[in-house]
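Colleague: These are the residues of each chain, in order.
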Amino acid sequence: MHWSDVVVESLREHEVWHATYVPDAINWQVLSKLEADSAFTVIPASREEEAVGIAAGIYAAGGRAAMFMQSSGFGNTINALAQLLTGYRIPVPLFIGMRGGLSEFNEVQVPSARPIPAILDTLHIQHYAPEREDEVQKYVDGAIELAYASRMPVAILWYAQLVGAKRATS
Amino acid sequence: MLRREGIAALVRRVDNEPIIANLGPATFDLYASGDRDANLYTWGAMGLVSSIALGVAMAAPDRKVFVMDGDGSLLMNLGSLATIARQAPPNLVHIVWDNQMWYETGGQPTHTSTGTDLGGVALASGIRNVARASTVEAFEEALDQAIREPGPWFIHVDIEETGEPRQRPKVVVEENLVKFRRTFTG
Ligand SMILES: Cc1ncc(C[n+]2csc(CCOP(=O)(O)OP(=O)(O)O)c2C)c(N)n1
Ligand SMILES: [Mg+2]
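Chains as they are written, first to last, in our numbering: chain A, 1 to 170; chain B, 1 to 186.
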């Protein structure tokens, strides 16, 4: 199974019926499948912190939502991760498409992506990065389970090692 | 009119419908009007109260969902109006208490004091049901219409501040969230 199909099935298994996002090319591989599946409701936001807020509201009303973003948008979420998800103990699985690693062509992606694991550590948000297709299920199932058991956000980071690098278009 | 007069009018009209309050005075005044499990008080994440309410409205389509925003906070997250317009949840009622200032931080004038019209921004964002009120009577009329008719609704309310002292609500946020969520899950 492609890693993106594994995510879709894991969300279904855990009854995470809503997804919020600001697009990135990596997560779009998952989101496009969720959009095509009538069991899921997929909600695009104008800015990443808004997507965190919507996901928090879905949980507050008894549902479950995952949130998808690119590493460049992570900085936009920090106050919402701290004051909303952590402060209120709201579990949201966070999927972050990581730029700035192997074969990156855009140098400004590097300084925004590199500090993300350290920032998540500082916020006490656990994070995992599957590198091989055959470990995606273990990580994604495990992270979603952990999020709801701990009532905390948990992040899955998609690096080029697993998802490949974006090519410069010219 | 005062925020607490508007809150009293709203609270008289709800049963188990959720009310989600912006950080600062909206949270304080809602709590002072009488605590209820279906109140979600925010203490931070400035700007996001309407986003939280959008999530609540989408996850609970059978209940009217009321959110009380502030002018300064909405100015921090204007994109939320476009996102609400795009999803168009018919059960969402977005109330903005516009005192033309960041009251909680000392009353500095916000951009609505120099002419920015939040109702106009809502309309231009694609929200078709926009009302404006400066008196309790006009607010009640808009609220009754918003309760009767499908939305999303945006009710822009001009309010005055009297500077009366407020008590900090005795709320533990995690507990508030758990109780609020139980009003949906049983
Ligand atoms: C992200 C962020 N920036 C700044 C603040 C400081 N702050 C707290 S309340 C507030 C004013 C909010 O203004 P408004 O939404 O108009 O509400 P009011 O206080 O007027 O009721 C500000 C700036 C904050 N809490 N969070
Ligand atoms: Mg204000």
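Keep in mind the hints are simulated off the structure, nothing from the lab. Any given hint might turn out to be false.
Some chain B residues near chain A, calculated using beta-carbon distances under 8 Å [to be verified]: (1) 44; (2) 51; (3) 55; (4) 58; (5) 100; (6) 101; (7) 102; (8) 174.
On a predicted model such as this, the values are computed, not experimentally measured, just so you know. Built from N, CA and C at the ideal position, the CB exists for glycine as well.
Colleague: Was the hint right that residue 51(B) lines chain A, CB cutoff 8 Å?
Modeller: Interface hint status for residue 51(B): holds (3 Å vs cutoff 8 Å).
Colleague: Do the numbers back the hint for residue 100(B), that is, is its least Cβ distance to chain A under 8 Å?
Modeller: Where the cut-off is 8 Å and the nearest Cβ of chain A is about 24 Å from residue 100(B), the hint is violated.
Colleague: Less than 8 Å between beta-carbons is the criterion; does residue 101(B) satisfy it with respect to chain A?
Modeller: With a closest approach of 21 Å, the residue 101(B) hint is violated.
Colleague: Against chain A, with CB atoms and a cut of 8 Å, does the hint on residue 102(B) hold up?
Modeller: violated, 16 Å
Colleague: Does the interface hint hold: is residue 55(B) within less than 8 Å of chain A, judged Cβ to Cβ?
Modeller: Nearest chain A Cβ about 2 Å off; hint holds.
Colleague: Let's test the interface hint: is any C-beta of chain A closer than 8 Å to that of residue 174(B)?
Modeller: With a minimum Cβ separation of about 5 Å from chain A (threshold 8 Å), the hint on residue 174(B) holds.
Colleague: Holds or violated: residue 58(B) as interface residue toward chain A, Cβ cutoff 8 Å?
Modeller: Hint holds; residue 58(B) Cβ to chain A Cβ min 7 Å, cut 8 Å.
Colleague: If you take the shortest Cβ to Cβ gap from residue 44(B) to chain A, is it below 8 Å?
Modeller: Constraint on residue 44(B) satisfied, holds at 3 Å.
The structure fails hints 5, 6 and 7 (numbered hints given earlier, in ascending order).
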